[in-house]
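K.L.:
So the protein sequences, as listed, match chains X and Y.
Counted the way the working numbering counts, the first sequence spans residues 1 to 267.
Counted the way the working numbering counts, the second sequence spans residues 1 to 317.
If you are wondering where the hints come from, they were derived from the structure by calculation, not from laboratory data.
Possibly wrong hints are sitting among the right ones.
Residues on chain Y that point at chain X, a partial pick, calculated with CB under 7 Å [to be verified]:
| hint | residue |
| --- | --- |
| 1 | Gly204 |
| 2 | Gln218 |
| 3 | Gly228 |
Note that the structure is predicted; figures quoted are calculated from it, not measured.
Beta carbons: idealized from backbone N, C-alpha and C, even for Gly.
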Amino acid sequence: MTQFTEQLPVQSEVAPDMVVAERVMKQFGSNTVLKNISLTVKRGEVMCLVGPSGSGKSTFLRLINHLEKLNAGRLLVDGEFVGYRERDGKLYEQKPRDAAVQRREIGMVFQRFNLFPHMTALENIIEAPIRVKNQPRKEAIARAKVLLERVGLAEKAKAYPGHLSGGQQQRVAIARALAMDPKLMLFDEPTSALDPELVGEVLDVMKALAKSGMTMIVVTHEMGFAREVADSLVFMDGGVVVETGDPREVLANPQHERTQAFLSKVL
Amino acid sequence: MASAGHTDRAAQATVPPGGGDDAPLIRAIPLRHPWRNTFAVIVLLLFAGFLYDAFFLRTEYHWDQFGKYLFDARVSQAAMNTLIITVLSMVSAIVLGVILAVMRLSPNPVFKSISWVYLWVFRGTPVYVQLVFWGLLFTLYKSFRVGLPFQTPWVDIPFSFSIDVFWLAVIGLALNEASYMAEIVRAGILSVDRGQEEAATALGMSWSQTMRRIVIPQSMRIIIPPTGNEVISMLKTTSLVIAVPYSFELYGRTRDIAVSIFDPIPLLLVACAWYLLFTSILMIGQHFLEKRFARGLTMTDMTKPDVVEPQSKADHE
Ligand SMILES: Nc1ncnc2c1ncn2[C@@H]1O[C@H](COP(=O)(O)OP(=O)(O)OP(=O)(O)O)[C@@H](O)[C@H]1O
Ligand SMILES: [Mg+2]
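Based on the sequences and whatever the hints tell you, model everything.
P.N.:
Rendered as structure tokens:
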């Protein structure tokens, strides 16, 4: 009998860690964006990813969500390989359909919201559950309303994105991602495109989400959020993890020179 | 003399100091454009002269014949045929154009190449020549064969039917137009922000779902105006189907009548009058379509009534 079970590098307990990256490398042409990234995100953990522009933070999130393919190392989400399958010691390129199936359970929130402008807030939220998960329309609508209420926008169900403020749009985008019942949420600078007075409302939603036990990876420059909510903080620069640890400790007492230089600019 | 009144009004327009009222509306005397008016008068005079000459001095126009044939049953039937050919070929061209554009942008290299070659051939040769080829279709291909080269075919079914020249004309126009529509649709698709595709993909939607549900609906705004132009252009291009040869559309019909009465000018005018009528109607239609889609641009009128549904609170408990 051929053995089809995948050889997990982590100890195969009941529930593997949510994200395991081992020496992950990513190149665009000759430009090596991620050199050697190893990190682990446990279930229910909130990890903040910080680093200067161009250090590869977005690229790392996109790798986790199968939007890019890694060139070396291994990346597992919830115990499953991303980008390829390992079988009998051989690597097989992943089918787009399998990638889509894995992706369903990973929510992603973008810096520029990327709401669908031709759909109302409610339609934005129910689109994927109906089309991708074949959820009955009624059920999807009921769920969308609950989610809108959760992000404080129950009365905006019928508004088009063009009619919402940036903060409201981002909260709808979070609700849209949550509608797929993700086990992992990726946030790529979710408040960077917002006016300062709108940042708080989005962070509040994210804090509530973290409190509910959601596993989250958050790329952000909001150190207050990191200090208050995150379980771990990773500082990336030049495609490598420079420093990692408890956010309160790292922020108060950065060990590495580059971390100190970066934090002195951000804080 | 105008400047005196101008200063008076300017004095009135000063804002009351410290007043909480709005500033008074500016009522400046409009700029004069004397040369513009002179030029307009000259153009109008020349045009009036041309019309007078055409209607009263130039007997070759035969306006009596024009009046006689304008609403001739054969002519209005031909006008109808022109309209039908335009609609049929345009609708098929749009459908095929969307397919070609999506193929061109798909990640599949085979689809990409097929679309590229199609465009290369159909945009790279004159539509008139293509129409001649379609007319020769059943002269070129006499039977349907399946088999290996240089051997007796396994199946050999001679074409016992032939397609009406009307349909050959429609096919010819549609296949040519599809290549232009494909480029218009492609431009529309490319105008949609990349983040839209990324967001849809991140939600687990497949590439074709992303296209159908997210990207193409948003590209309509860019696609509609040039498509309107293509419809108007197609209306006039139907005059070339004589190459197939199909001659029961407007131009072919009026030309045949002209030959039979040995008087080409009035019938050319008849054809022009009908073409102008149709293009005018199409331009009005295009105007309203563009207005509708400009509305989507600002998003101001697109909001559905922003009301809280009465039962929504209860739903959440
Ligand atoms: N699709 C791509 N093709 C080629 N190069 C890319 C691509 N995506 C990203 N890069 C390059 O990878 C590097 C890292 O980009 P990335 O967006 O991951 O940085 P980042 O840390 O998110 O920066 P920022 O804070 O500005 O968002 C940059 O130099 C960028 O030019
Ligand atoms: Mg980034």
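K.L.:
All hints, please: hold or fail.
P.N.:
Structure-based check of all given hints:
1. Checking Gly204(Y) against chain X by beta carbon gives a least distance of about 4 Å; that is within 7 Å, so the hint holds.
2. Hint status for Gln218(Y): holds, given a least beta-carbon distance of 6 Å to chain X, under 7 Å.
3. Interface hint status for Gly228(Y): violated, as the beta-carbon distance to the closest one in chain X is roughly 20 Å, over 7 Å.
The structure shown violates just one earlier hint, number 3.
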